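Chemist: So you can see what is in the structure, the chains are spelled out below.
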Amino acid sequence: MANRRIDEPTGTSTVGHEWDGIEELDTPMPRWWLWTFYASIIFAVGYVIAYPAIPMVRKGTAGMLGWSSRGQLQHEVSEHQAALAPMLAAIGSMAIEDLPNDPARMRAAVSGGRAAFKVNCVQCHGAGAAGSKGYPNLNDDDWLWGGDLKAIEYTITNGARQPGDPQTRSSQMPAFGHDGILTAAQVDQVAGHVLSLSGKGRDSAAGAQLFAQNCAICHGANGTGNRQFGAPNLADAIWLYGGTREDVAAQVTNPRHGAMPAWGGRLDPVTIKMLAAYVHSLGGGEDFVEAAPAAKADAAP
Amino acid sequence: MRHPDTIDVSLYEKHQTVHNKRIDGPFRRFKWLVMAVTLAIYYGTPWIRWDRGPYAPDQAVLIDLAHRRFYMFGIEIWPQEFYFVAGLLIMAGIGLFLLTSAVGRAWCGYSCPQTVWTDVYQHVDRFLDGDRNARMRLDAAPWGPKKIARRALKWSIYLLIAFWTGGAWIMYFADAPTLTHDFWTGHAAPVAYITVAVLTATTFILGGFMREQVCIYMCPWPRIQSAMMDEKSLTVTYKDWRGEPRGSFKKAQKSPQAFGDCIDCNMCVAVCPTGIDIREGPQIGCITCALCIDACDKVMAEVGRPRGLIDYITLEDAEREKAGGTPRPAWKALLRPRTIAYFSVWAAIGLAMLFLLGTRSHTAISAAPDRNPPYMLMSDGSVRNAYTLKLRNMESRPRPMRIVLEGLPGAVMWTDEIGRHEAARALVPTVPADSTLPLRVYVIAPPNTAGQDFEFDVTSVDEQVEMAETETRFTAPGDE
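Protein chains in written order, with our numbering: chain A, 1142 to 1442; chain Y, 674 to 1153.
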């Protein structure tokens, strides 16, 4: 460093390097700056020891503290679940028909049910619970098996046409066309009558007579259905398998029957209760009446 | 001049503690005033009460992070109105531009927290260990029981001030009396203790030990200010054309013609809180606190020479004076296009915000239609749509609000609370004080209603009538 000298205008010494006549002045950093740098290095070493840091062949080092983002998530999830536990216990402890009397629990049940619905139910009923052909829409006011909280809870618990479950919702409509009970022409006449019940299509005396003989026993004389047998209301605007004359005729000829799993063995009673509350909250829920025929009758056998 | 070979190249510089001498004068008194006002604002503001009724906190200034509300006396800001805070920050920024272009680094010299707390700590030094010379002696003295005791006492007081400073900070974020009680009984949130600990540590280190090092090495503001000052900005200047060549009072008395006004008494250096020599010209270490002006004026009065050897002056006026021109009063430097432009922008933003604050509505509604399913065909053929309404009540009292369907003939609506059998064209929910009420509303229209746009109109039905509306879509079969 032979070229060190005092720079005249500033009175500061140079560091002695020179590049094409450009020299560097020696304006030293404060000493504490250096200490801060050393402190950062020490911190970094400690961090590397304490936390996962160094990538190895298969996975990184684990760190002394044993911290992991997955572990932290699990911790937060379990904390969250612990915080939910009292409310879940409270919901579990009361009969479902009493839930609406406790708005806070009802709200909690609806949001819990919404979450459970997304996991277990959307596969058939759709993300908005609007269903599709053959899968009931849960938003409307048309219920095959009853739309009060207790009836919905029962349906979820026992399912529909669940093999091996004696409690399951079950009904069987004869295959009128397929089994030769009615001819194709008769089926078409019945379909015409069915559509006329909701003000659509042509009616015929023959169709009305066939309906009274074959269908009214389950669906009622006016076709308003019977929840005791799960017989759909035929006089409304909602059609599970389509509302054209061909759709109705096809259903009379060889009816399709939807099936829903019994969730009683798969989900815990509190989740089922919350699912029922959610489904009930979608806009078509009915008030629970103590002597609701659907619920009573279904509970009996 | 030293021979080049004897120069040591040192990469790091040892920290020289600044022991500034006590001085009194107009600028020192102004600093006292600014310190008293700023510290009183900082420590005292959270304790001011402001009655907002039973539904809102009664703390005048409160940043309620948990409930996402910002209270400042009569003003309450919700998160979506954060532009008011952004506006305040922009005003603070432009205010600094204004201040810098007019009076240079006045912010640094008087009201920067680093300056104010450094000043506090330097007064602690002076109070405990005496003035400049006594402190320098103590600093140089070997460590012994007496020095250890004095240092321990001083650092305890540093720590106390630091703790008080850190403690005051958290009071802005919760009800101050409650938080104080919780803090001392161990019931405050961990974040409160952590914040106090961090701020205590930073105040202790930055105010007690780092001091001018923060201004010189850490703070970006001095560098930015260098770019914002120009030859028309006031700055603390040593009038070298008047002072040089400097010589002691005795020498100057013997040959008055050979020397300037500076008697080289070094008072300006002794009183400087950042330890610089202003006579070397404007420099990054000068925070323009003007204590050297106080010191020099005092000395000039004692030796019977006119004041202002060191003074606030613009570079332009300095050049004029140096060339023999008449001095211009300092206040004239304040009024010029640049400062007026900054002030106009600053004032315009302030007035615009005041106007917005004064005219904003405390009622609002928004509607989000259900998209899945978009509509629902009911068993009687009527069509139902569901909406999530958000009713906003920004008053700190519960208010009934009347929602009316505007358009959509024949349609009625209901909520889960009232049920379908009481469906009507209007609903009157009560929105809780100072909150947003989410309301799931079912709108049902007669069979064969076509998809169409309509409005939810809301009117607050208490003494303060405010209206709002939102347009949304009613979806029907065949509307996809």
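Because the hints were derived from the structure by calculation, they are not lab data.
Bear in mind that the values here come from a model prediction, so they are computed numbers and not experimental data.
Hints are not guaranteed to be accurate.
Distance ranges between label pairs, derived from CB positions [claimed, not checked]:
no. : chain 1 : residue 1 : chain 2 : residue 2 : range
1   : Y       : GLY803    : A       : ALA1194   : 45 to 53 Å
2   : A       : MET1205   : Y       : ALA813    : 41 to 49 Å
3   : A       : ASN1144   : Y       : TRP837    : 51 to 59 Å
4   : A       : PRO1150   : Y       : GLY1031   : 35 to 43 Å
5   : Y       : GLY1031   : A       : CYS1265   : 51 to 59 Å
6   : Y       : SER921    : A       : PRO1150   : 54 to 62 Å
7   : A       : VAL1186   : Y       : LYS1063   : 46 to 54 Å
8   : A       : THR1168   : Y       : ILE897    : 19 to 27 Å
9   : Y       : VAL1101   : A       : GLY1340   : 49 to 57 Å
10  : Y       : GLN689    : A       : ALA1223   : 55 to 63 Å
11  : A       : ASN1144   : Y       : LEU1007   : 15 to 23 Å
12  : Y       : PRO727    : A       : GLY1340   : 50 to 58 Å
13  : Y       : VAL1018   : A       : ALA1223   : 49 to 57 Å
14  : A       : ALA1185   : Y       : GLN689    : 27 to 35 Å
Quick reminder that beta carbons are idealized off the backbone N, C-alpha and C, glycines included.
Chemist: Next step is simple, just say for each hint if it's right about the structure.
Modeler: How the hints compare with the structure:
Here the CB-CB span from GLY803(Y) to ALA1194(A) is close to 51 Å, well matched to the stated 45 to 53 Å. Distance hint check for MET1205(A) and ALA813(Y): the Cβ-Cβ separation is about 45 Å, which falls inside the suggested range of 41 to 49 Å. Our hint of 51 to 59 Å for ASN1144(A) and TRP837(Y) holds, since their Cβ atoms are close to 54 Å apart. Judged by the Cβ atoms, the range 35 to 43 Å given for PRO1150(A) and GLY1031(Y) is violated: they are separated by roughly 58 Å.
With their beta carbons about 56 Å apart, GLY1031(Y) and CYS1265(A) fall inside the hinted range of 51 to 59 Å. For SER921(Y) paired with PRO1150(A), a C-beta distance near 27 Å fails the hint of 54 to 62 Å. Hint check: VAL1186(A) to LYS1063(Y), Cβ distance near 52 Å, so the stated range 46 to 54 Å holds. The supplied range of 19 to 27 Å is met by THR1168(A) and ILE897(Y), whose beta-carbon atoms lie about 20 Å from each other.
Taking 49 to 57 Å as the suggested C-beta distance range, the pair VAL1101(Y) and GLY1340(A) does not conform, at roughly 36 Å. Between GLN689(Y) and ALA1223(A), the C-beta spacing of about 57 Å keeps the proposed range 55 to 63 Å intact. Separation of ASN1144(A) from LEU1007(Y) is about 49 Å and departs from the stated range, judged on CB atoms against 15 to 23 Å. Checked against the given bound of 50 to 58 Å, the beta carbons of PRO727(Y) and GLY1340(A), roughly 57 Å apart, stay inside it.
Roughly 54 Å separates the CB atoms of VAL1018(Y) and ALA1223(A), a value that falls within the hinted 49 to 57 Å. Restraint check, ALA1185(A) to GLN689(Y): a C-beta distance of roughly 30 Å satisfies the suggested window 27 to 35 Å.
Hints 4, 6, 9, 11 from the earlier list are contradicted by this structure; the remaining hints agree with it.
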